[in-house]
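The listed protein sequences derive, respectively, from chains A and B. For the first sequence, our numbering gives the first residue as -3, with consecutive numbering after it. For the second sequence, our numbering gives the first residue as -3, with consecutive numbering after it.
Be aware that a few hints might be false.
Estimated spans, in silico, between C-beta atoms of each pair [to be verified]: (1) D103/B to D211/A: 22 to 30 angstroms; (2) P120/B to D19/A: 22 to 30 angstroms; (3) T235/B to G323/A: 58 to 66 angstroms.
Don't read these hints as lab results, they were simulated from the structure. Backbone N, C-alpha and C fix where the C-beta goes; we use that ideal spot for every residue, glycine too.
Next come the chains, spelled out residue by residue.
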Amino acid sequence: MATISEVRDRGVNVRDIAVVARDLDPYEQPLTRAAIQYGVTPVFWTQLRVTRTEPYALVKALCTLFADGDVAATPLLAPLTQRWAPPTDAAGWPLEQSTIHAHLEALPSGRRSIAEWAATIPTHTTDERLTTYCDWLQAHCEPEPTPETVGAVLGPSIDAYRETSVPARQQADAPALMTTETAARATVRVTRLVEQVTHKYDEWLADGTVSRSWDAVRELCELLATQRPGRREHSNARAIDIMEANDVWALSVPIVIAVGATAAEWPAQTDSVVPAELQEAVLSGAGETDIVAPRTMWGEGRDRDHFADAMRAAERGVIVTRYTQTGDGDDVHPSPFLASLNMETVSGQARTQLVSTTPQLPPAIAALLPASGDSDPAPSETSHE
Amino acid sequence: MSTLRLHTTAQDAASQISTYCGEEERLLERADRTATPTELVLAPTELHRRNLQRRLRERARPQNAFEFVDPETVAEKLLTAADTTPTSLDRVDRLALLQSLPSEPTDQPLGLHPLLSTQHDTGPQQLEQIRVELESMTNFHPDRIAALRNVTDAFAGPIADEATTLVDGGLAVETWLRDRTVKMVSKTALLRRATRRLDGGDGGWTDRYPDIERISFVGVSSIPAPEVDFLHGLCTATTADIELHLRPGTAEYLTTRLPDLLSIEDPGQEVTL
Chain A
-3 MATISEVRDR GVNVRDIAVV ARDLDPYEQP LTRAAIQYGV TPVFWTQLRV TRTEPYALVK
57 ALCTLFADGD VAATPLLAPL TQRWAPPTDA AGWPLEQSTI HAHLEALPSG RRSIAEWAAT
117 IPTHTTDERL TTYCDWLQAH CEPEPTPETV GAVLGPSIDA YRETSVPARQ QADAPALMTT
177 ETAARATVRV TRLVEQVTHK YDEWLADGTV SRSWDAVREL CELLATQRPG RREHSNARAI
237 DIMEANDVWA LSVPIVIAVG ATAAEWPAQT DSVVPAELQE AVLSGAGETD IVAPRTMWGE
297 GRDRDHFADA MRAAERGVIV TRYTQTGDGD DVHPSPFLAS LNMETVSGQA RTQLVSTTPQ
357 LPPAIAALLP ASGDSDPAPS ETSHE
Chain B
-3 MSTLRLHTTA QDAASQISTY CGEEERLLER ADRTATPTEL VLAPTELHRR NLQRRLRERA
57 RPQNAFEFVD PETVAEKLLT AADTTPTSLD RVDRLALLQS LPSEPTDQPL GLHPLLSTQH
117 DTGPQQLEQI RVELESMTNF HPDRIAALRN VTDAFAGPIA DEATTLVDGG LAVETWLRDR
177 TVKMVSKTAL LRRATRRLDG GDGGWTDRYP DIERISFVGV SSIPAPEVDF LHGLCTATTA
237 DIELHLRPGT AEYLTTRLPD LLSIEDPGQE VTL
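With the hints as constraints, model all of the structure from the sequences given.
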């Protein structure tokens, strides 16, 4: 990220750089932290862990509340904690977390039905927003919901979250707009999820797979949310693309930064249910197995493809980084794929300088930039920072 | 980057297919203004389609000569031309059905006994993975299943058992699912049905894709059996040029294997379940 920051300061558009990892999962958090430190906004082209996002939690809290019927005060207000807002007249929404906390303190203990809570709440608070909320709950509380009811509860709740709660977050956001960025991406995903859930619930009711209940809806949400979705681009012209190597195929960007070029990651073993001996037989196509289709993920082939295409995507140069030790102090070897590259190694001193308070771009990397007039630079290797 | 032409001896299903590695440029240069698409660009990975479209946009080239699509969608369109719209289960449906497998061994399908008894943690997701991997290797074609069984027999005892469990298990999962739905088990089943139609003649091709002169299969890092057979069917039913755009790490290997994979008779045919 220090490299990106320096390269950008030399007038290179961040859209001209792509960061590539074999598998983004372990890199999403560290790269996000580094990006914020260097004032770069990252866009991850990967599955958002939707189940850990606020709009998903909102949908789940609503399903749980309606499924449970008699509830204590905490689950009753759980959707508010996840920033529920009314479909219309949303000025003053969502409620502050401290306000919700104060209400919880004031409300009596014990379980009550939604109708009982609606009657109880006005005797404990004068906050009209709670009355609005309870009225909405009562209007939609249907123990055996039809797909239409599910759509009418979840759809407008997510719409209101998008219209009211995301902008509210934006006002109180960190410099890199990461929270808003995540909330916005999550909202798009959850909006689609709600459409899918409504549709699938309808289908499953029709063929008798489930009967009408909010529990069934909640389970369906979990099932659909944990599916690997199609990936989507979140367009943000000032942000840097961070992608998985397979997804880079056919792209062309001036500078590619490949992270994690270690022996453990590139190549990495892929889980398969096929016994190793059978994999080998099919890979070699010996005898009759020549007609059986091999899976190239069994060997190194697929990772080799992904790595090679990440290198090919670079127009001007590639910066390869790797770490040399694990957190436990074990040595980590470089990826064998690096042997095929003609690289220039950035010295330890240049790397230290790069991440210092007076950062300087290592000369080998500076040579990749347009100002140098070097049209066919050699790829460089720097160590992971 | 090399251009490799395939040579087959058995039949010339493969003579229509040429393979390329790292030559996406060929495809991008064909961008032209046409009234209707003349080239199907089959990209199994959604982002690859968008990457090509982004490259075309960056060069301000028109996209209307191309129809960017995945193979399953082509199969669906070919079948829709012939029947009422075919429907298939998705992964969520399959997992839900597998969740309802009886827990009593006596009520379970025979083929699943070894899987469910020796590996007690075999849940719906693993059963589905077994089904998917077997389908990817064989497309449930009788010759490929037989070949797998034969090679399996040659292994040492415990490994042979494990491999047999996998083959029987994959077929049993597929059967269990088929018996529980009027829909197709998966999109891949649509691909197989379309392959059989193509292999038997025109398969709705001329009707649905009258202007397509070329089919490019792009971003290919692996060619699962269902895709191989679909390509085979396309070779039989159409005179379109087929370009296979392979990738640097696997191009040579896949080019060597492809003729044998394509040599199968009656592509799309399924083992009797």
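Evaluated hints:
| no. | hint | result |
| --- | --- | --- |
| 1 | D103/B to D211/A: 22 to 30 angstroms | 26 angstroms, holds |
| 2 | P120/B to D19/A: 22 to 30 angstroms | 24 angstroms, holds |
| 3 | T235/B to G323/A: 58 to 66 angstroms | 59 angstroms, holds |
Against the hints set out earlier in the document, no violation occurs for any number.
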